[in-house]
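Protein chains in written order, with numbering that gives the first Met the number 0: chain Y, 0 to 243; chain U, 0 to 89.
Careful, some of the hints might be misleading.
[Said to hold, decoys possible] Partial list, derived from the structure: chain Y residues whose beta carbon lies under 10 Å from chain U:
1. 33
2. 34
3. 35
4. 38
5. 42
6. 129
7. 132
8. 137
Simulated from the structure, these hints should not be mistaken for laboratory data. Computed from a predicted structure; not experimentally measured. For every residue, glycine included, the Cβ atom is placed at its ideal position computed from N, Cα and C.
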Amino acid sequence: MAVSKEAHNLVLSFADDELCIGQNHSWWIAIGPFLEEDLAFTSIAQDELGHARALYSLLTDDIDHLAYGRKYSEYRSAHLAEFLCHDWSSALVRHVLHDMAEQIRWSALINSSWTELGDTAERALAEENFHIQHGLSLLRRLLSSDEGHKRLEPVVLELVPHGREYFVDCDLGLVDNGVLTMSMADQEQMWIDQVTETFNEFNISVDISQEAQGMGRSGIRSNDFATLHDEMVAVIRIDPKAKW
Amino acid sequence: MKTYEVFLKKEGKDPFIHAGSFDAPDDEMALTYAREAYGRRSEGDQMWVVLRDNVLVADELELGMANRTHKHNDGQLVAELRRAKSSNES
Numbered sequence: 000m001a002v003s004k005e006a007h008n009l010v011l012s013f014a015d016d017e018l019c020i021g022q023n024h025s026w027w028i029a030i031g032p033f034l035e036e037d038l039a040f041t042s043i044a045q046d047e048l049g050h051a052r053a054l055y056s057l058l059t060d061d062i063d064h065l066a067y068g069r070k071y072s073e074y075r076s077a078h079l080a081e082f083l084c085h086d087w088s089s090a091l092v093r094h095v096l097h098d099m100a101e102q103i104r105w106s107a108l109i110n111s112s113w114t115e116l117g118d119t120a121e122r123a124l125a126e127e128n129f130h131i132q133h134g135l136s137l138l139r140r141l142l143s144s145d146e147g148h149k150r151l152e153p154v155v156l157e158l159v160p161h162g163r164e165y166f167v168d169c170d171l172g173l174v175d176n177g178v179l180t181m182s183m184a185d186q187e188q189m190w191i192d193q194v195t196e197t198f199n200e201f202n203i204s205v206d207i208s209q210e211a212q213g214m215g216r217s218g219i220r221s222n223d224f225a226t227l228h229d230e231m232v233a234v235i236r237i238d239p240k241a242k243w
Numbered sequence: 000m001k002t003y004e005v006f007l008k009k010e011g012k013d014p015f016i017h018a019g020s021f022d023a024p025d026d027e028m029a030l031t032y033a034r035e036a037y038g039r040r041s042e043g044d045q046m047w048v049v050l051r052d053n054v055l056v057a058d059e060l061e062l063g064m065a066n067r068t069h070k071h072n073d074g075q076l077v078a079e080l081r082r083a084k085s086s087n088e089s
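Extracted from the complex, chain Y is given alone in its bound form (with noise of 0.2 Å):
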């Protein structure tokens, strides 16, 4: 099908906030806070790449110059995706912020009339589902207990509203013409409903009303990109001709 430029720069925004999403779990391996949990957070960073890998492929058969070889202000990645949160308690609470939204936007796609981006949908959500489990159930026992909550409540507070930019995307007749099955502002209300019920079960009052200005889709960079993306493409600037 001919895709509209409201579809291609959707599936690149995904991609964009995918690869820097994985990228920045897997600064963990090795590091993890226990064993069990390093294996889990560091497989999780794979899964995100490998959505990357197939949201890019939908647009390219470049794969390797769209995700590393354009300019900084040609991403799209969301400012919440690219944060490094190199401290685990914001690597945790960024995880299920953003595996939230993941969830509720591969939903949106997975009956597409794009039907290949249908099929990645569908095989993305399986392991979505299981995505959100894992951040979901660490986070809310490290809630329940005193020491938790004290430390990660002012994590919450502070990465809670970066959240809406993941649904900035143009969605101009996209549902229409069934790209989406749900459009950009139903799907962000129904973060923003997960997210407060969430945190409202521990007493936690997010504030998410300021509307998110947007900044990573329209190509400003935060930042932590640039160390990012050092890192990201350390391996193709030794071997330019280096596979995935």
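Starting from the known structure of chain Y, arrange chain U on it as the hints suggest.
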């Protein structure tokens, strides 16, 4: 943290086989970690996760008792006796 034991079964007639052990804070997380640590590459179609405390452990002394050769019946002795008997009868 509690210790759990993982058993995997592949499709077909193979029985569940011990895959290894790991630690988790509770049963819910145990299933999550078991899947990632022992099943992420589709090593099996079915998985049992057992709290190690629930495993009954046999007495090692009894198991290792000295001479148990009379329990290893390979049927040869019986076969020889039968052959001898039938040749006597003929």
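Tested hints:
1. 33: This hint holds: residue 33 (chain Y) lies near chain U, its Cβ roughly 7 Å from the closest one there, short of 10 Å.
2. 34: holds, 8 Å
3. 35: holds, 4 Å
4. 38: holds, 5 Å
5. 42: holds, 5 Å
6. 129: Interface hint status for residue 129 (chain Y): holds (7 Å vs cutoff 10 Å).
7. 132: holds, 6 Å
8. 137: holds, 7 Å
When the structure is compared with the earlier hints, no violation turns up for any of them.
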